[in-house]
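The task is simple: from the sequences and hints, build the whole structure.
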Amino acid sequence: MKHLIDNINKSFESRVRLGVMSSLMVNESIDFLTLKTLLDVTDGNLASHISALEAEGFLIVKKEFVGKKTKTSYTATKFGKQAFMNHLKALEQLIKSQK
Amino acid sequence: MNEKEQSLQQLRDIKMMMERSSRFISLSGLSGVFAGIFALIGAAVFYMYLNTQMASGYLSIAESLPAEVSIDYLTFGILDAAVILLLSIGFGIYFTTRKAKRDGLTIWDRNVGHLLIHLSIPLIAGGLFCLILLSYGLFGLVAPCTLLFYGLALLNASKYTLDEIKWLGISEIVLGLVGCIYIGYGMTFWCIGFGVLHIVYGAFMYFRYEHKQH
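Those protein sequence lines, which keep their order, are chains F and X.
Numbering-wise, the first sequence is residues 67 to 165 according to this note's numbering.
Numbering-wise, the second sequence is residues 349 to 562 according to this note's numbering.
There could be a bad hint or two in this list.
What the hints assert, rightly or not - Cross-link-like lysine to any residue pairs, in silico, SDA-like; alpha carbons within 20 Å at most: (1) X:Lys514 <-> X:Leu463; (2) X:Lys449 <-> F:Ala118; (3) X:Lys352 <-> F:Leu104.
To be verified - Now the stretches of chain X that chain F is said to cover, found in silico as 3 or more residues with beta-carbon under 8 Å: (4) 452 to 463; (5) 472 to 485.
It should be emphasised that the hints constitute simulated quantities derived from the structure, not laboratory data.
Where is the CB? At the ideal position from N, CA and C, for every residue including glycine.
In structure tokens form, the structure reads like this:
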């Protein structure tokens, strides 16, 4: 049993991180504001989770100027997508093993 | 909550986030029901108009419309269709906004943009094509062609909204093609496609996704 739980990625334990990665799996890139409304979280909360995911190398941050404002958007890295898929597989295994 | 339930809950969350972020899911079934009702009322109004024209000897035989159908008749038909369209869109926006508010979602996100673009390209092409048909006097093909292009538009847009819409699209395409074979029954096919199918589909979606929740 132990090894199954090991595969459950600690980085995806939080609902916010899981939400960010889920959205990035099906969208090429998403900006901060869209993610914020989608997940219904505060700026600070979202920012801290995003930087944690960035530190893991799961996503890359892109900043561009739209007029005078900066627009920050995020894209999942190959590594991040792979980690997410592994997490899904681990969840599947866990459910199967407990049937 | 045991581990299995936790994992299932996580998977449900993932599925929901993927859908919310890539599709427009606030489309209300009630908009379909109302669009269907308006279509049937509009068709009835048009039918009554035809009958009064026939009674006054203005139109000879409704089934085989002569090529020199009067401009009045065309204008009335187009106006009638425009009113149906506007009412359907209006009520569609109303019910969809209401549903989005209840679900705590924003309505005008970029998924709506994707949805509208993919819906409108086949629709505009179809609309222009139908105008061309009218200009050639091919009146019998207009009703089935509106169904055909509407079905293609729905099928095209289904990637950006609730998946079930593609079945409505396919039904409209089939109905449109069959309607092209049985020219002369255009009104009947049009009523089934825009009236009955919308009501059936809308009611199905309403009871499947909305009724239970509220």
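Comparing the hints with the structure gives:
As the CA atoms of Lys514 (chain X) and Leu463 (chain X) are separated by approximately 13 Å, the hinted pair is consistent with the 20 Å bound. As the CA atoms of Lys449 (chain X) and Ala118 (chain F) are separated by approximately 32 Å, the hinted pair breaks the 20 Å bound. Restraint check: the Cα-Cα separation between Lys352 (chain X) and Leu104 (chain F) comes to about 26 Å, which exceeds 20 Å; the hinted pair is violated. With 4 residues carrying a beta carbon less than 8 Å from a beta carbon of chain F, the region 452 to 463 of chain X meets the three-residue requirement, and the given coverage holds.
With 0 residues carrying a beta carbon less than 8 Å from a beta carbon of chain F, the region 472 to 485 of chain X misses the three-residue requirement, and the given coverage is violated.
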